[in-house]
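Just so you know, the sequences run in chain order A and B.
Using my numbering, you'd call the opening residue of the first sequence number 1 and step up by one each time.
Using my numbering, you'd call the opening residue of the second sequence number 1 and step up by one each time.
Worth flagging that the hints you see were computed from the coordinates, not collected in a lab.
Don't take every hint at face value.
Pairs count within a copy or across copies, as identical chains cannot be separated in the list.
[Claimed, not checked] Calculated lysine to aspartate or glutamate pairs in the DMTMM-like style (CA-CA distance at most 25 Å, straight line):
#1 K295 with D187
#2 K6 with D187
#3 K295 with E122
#4 K295 with E132
#5 K88 with E40
There are 2 protein chains.
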Amino acid sequence: MELTAKRIEVTEVGPRDGFQNVKTFIPTQDKVEIIKGLIESGIKSLELTSFVSPKAIPQLADSTAVCQSILEQYGGRIKASALVPNLKGAQAAWDAGIREVACVVSVTPEHNKANINRTHDESLAEIAKMVEGLPGMKVRVDLATALACPFTGWVLPDAVAALAKKVTALGINKLVLADTIGVATPDRVHALAVRMQRDFPDVSFSLHLHDTRGMGLANTLAGVMAGITTFETSVGGLGGCPFAPGAAGNTATEDMVSMFNEMGIETGVDMEKLLQVVGVVGNKVDAPLSSHMAKAKIYDCFQRAR
Amino acid sequence: MELTAKRIEVTEVGPRDGFQNVKTFIPTQDKVEIIKGLIESGIKSLELTSFVSPKAIPQLADSTAVCQSILEQYGGRIKASALVPNLKGAQAAWDAGIREVACVVSVTPEHNKANINRTHDESLAEIAKMVEGLPGMKVRVDLATALACPFTGWVLPDAVAALAKKVTALGINKLVLADTIGVATPDRVHALAVRMQRDFPDVSFSLHLHDTRGMGLANTLAGVMAGITTFETSVGGLGGCPFAPGAAGNTATEDMVSMFNEMGIETGVDMEKLLQVVGVVGNKVDAPLSSHMAKAKIYDCFQRAR
Numbered sequence: 001m002e003l004t005a006k007r008i009e010v011t012e013v014g015p016r017d018g019f020q021n022v023k024t025f026i027p028t029q030d031k032v033e034i035i036k037g038l039i040e041s042g043i044k045s046l047e048l049t050s051f052v053s054p055k056a057i058p059q060l061a062d063s064t065a066v067c068q069s070i071l072e073q074y075g076g077r078i079k080a081s082a083l084v085p086n087l088k089g090a091q092a093a094w095d096a097g098i099r100e101v102a103c104v105v106s107v108t109p110e111h112n113k114a115n116i117n118r119t120h121d122e123s124l125a126e127i128a129k130m131v132e133g134l135p136g137m138k139v140r141v142d143l144a145t146a147l148a149c150p151f152t153g154w155v156l157p158d159a160v161a162a163l164a165k166k167v168t169a170l171g172i173n174k175l176v177l178a179d180t181i182g183v184a185t186p187d188r189v190h191a192l193a194v195r196m197q198r199d200f201p202d203v204s205f206s207l208h209l210h211d212t213r214g215m216g217l218a219n220t221l222a223g224v225m226a227g228i229t230t231f232e233t234s235v236g237g238l239g240g241c242p243f244a245p246g247a248a249g250n251t252a253t254e255d256m257v258s259m260f261n262e263m264g265i266e267t268g269v270d271m272e273k274l275l276q277v278v279g280v281v282g283n284k285v286d287a288p289l290s291s292h293m294a295k296a297k298i299y300d301c302f303q304r305a306r
Numbered sequence: 001m002e003l004t005a006k007r008i009e010v011t012e013v014g015p016r017d018g019f020q021n022v023k024t025f026i027p028t029q030d031k032v033e034i035i036k037g038l039i040e041s042g043i044k045s046l047e048l049t050s051f052v053s054p055k056a057i058p059q060l061a062d063s064t065a066v067c068q069s070i071l072e073q074y075g076g077r078i079k080a081s082a083l084v085p086n087l088k089g090a091q092a093a094w095d096a097g098i099r100e101v102a103c104v105v106s107v108t109p110e111h112n113k114a115n116i117n118r119t120h121d122e123s124l125a126e127i128a129k130m131v132e133g134l135p136g137m138k139v140r141v142d143l144a145t146a147l148a149c150p151f152t153g154w155v156l157p158d159a160v161a162a163l164a165k166k167v168t169a170l171g172i173n174k175l176v177l178a179d180t181i182g183v184a185t186p187d188r189v190h191a192l193a194v195r196m197q198r199d200f201p202d203v204s205f206s207l208h209l210h211d212t213r214g215m216g217l218a219n220t221l222a223g224v225m226a227g228i229t230t231f232e233t234s235v236g237g238l239g240g241c242p243f244a245p246g247a248a249g250n251t252a253t254e255d256m257v258s259m260f261n262e263m264g265i266e267t268g269v270d271m272e273k274l275l276q277v278v279g280v281v282g283n284k285v286d287a288p289l290s291s292h293m294a295k296a297k298i299y300d301c302f303q304r305a306r
């Protein structure tokens, strides 16, 4: 098994994708404690929150406070980003110290409409507004349903490339390929990643792979084999998708870090410290953790044997 | 992603490895119903039970009745096997109509001692007795802790090859490489599979991969890339390891079948029928199911979209 990658980077999205899917509001100080723990474990890239109407997502109504608290201590030492739906949200993120925002567009128009009630043209227009309105802000675009759509089935790389062409024409050079409902297979992930990197050599790609069917790490492996080295993960496997009932969340940060650390592919993350944070998440967040490492007591057991 | 395999075979071990790890005795008729369901879903190879002292494993005290019931209806159309600890068990299996038995030896002497209280020499002597005592019986050997041991840490391919050399010298040509505690990584699985097939070209190998750390399907993918086409799985992900506290069970049959079916690699298994059996297992077996497909309602949802 030839893997040229010596190092991969996880982008922790639990504080946004995870926390917004928890029904109860997690107190700001708990959010901050968890995020700081993640940073102290060695995670350098984090999607801290979302700047969106508190009426739409009350769980993240404290986005400004969370960002200020984290950036005050770690600003300049981490890559902090936030999800925003529009220029207004991006402006609020900027005011809170954020210099990279993520904006979601689904590859399938059907999912884009259901998810954010926009056509592709409307989404592209909003991205253009952000790029023009906030020249200092880096705008990353998350391509949702890049592998499969709950409304239309499998999504072909041609469709992803066609949308990516329009997005990159706006000046975007950072794209996330998301298996939003977690049904993609390793061969599809590999083919898409190879194709996109070939078609867009100046774009940096990351993968966002849900673990719905247990293929999260198999798909991650396929991504690494295709040359991808950055992956979005969520502590505890928190997160989900309203259009994928019963779906497990994102591939858990601790599951992915465990795999790469044990393979000798550097993540920069200390597993002991990360598992302590997972414990805090388990205590403070009112949601079941879908991660394997959170459940398995094998870690301690096997560590002692070595 | 170059995968030359067009077809893989799952060997269902839930009726042995799974049922023996359930605390309560599953009534014989429920066992038989589940096994028949698995066969009707398309599974052709099954480890039906274990012929072992009912004092040691009361859960499988009905091994003869289970085998007779299944073989009466499906004998000749399936590859039925049973786990046995010794010649006496193999004889009982033979009397129940079984023509292939599996015998476990751990690669690490420490685990062999803890698991079955034998030295390697004692295990090899017992295998020799079976081969000589029952010439018509095919004897398969499961090499436990072939990748990692809860007592000694990582296990190197050299150690696996050294034990396999002694085992094959007894006339055995079917070996299972087991990641007993489920901590192996894809690179290690790949390296071991490549090495063993090269060193033992006349032996057929299968993999038995636990999903403790969520790498079950990633390791399966690595196995397929190394040329392995048979995998032991357990319906519902039932099973476990007494030496791996908190460990999830085997990689679930339905998770693996889902991945391969969606990749266009033939398993011969009908997913709809298999998920019905998973439902029966969920109702009749008093144990949590660790499989992803058992939890995710995404299957129906995504099927409708296609």
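Right, here's what the structure says about each hint:
no., hint, verdict
1, K295 with D187, "between (29 Å within a copy, 24 Å between copies)"
2, K6 with D187, "both (22 Å within a copy, 13 Å between copies)"
3, K295 with E122, "neither (43 Å within a copy, 36 Å between copies)"
4, K295 with E132, "neither (46 Å within a copy, 44 Å between copies)"
5, K88 with E40, "neither (31 Å within a copy, 57 Å between copies)"
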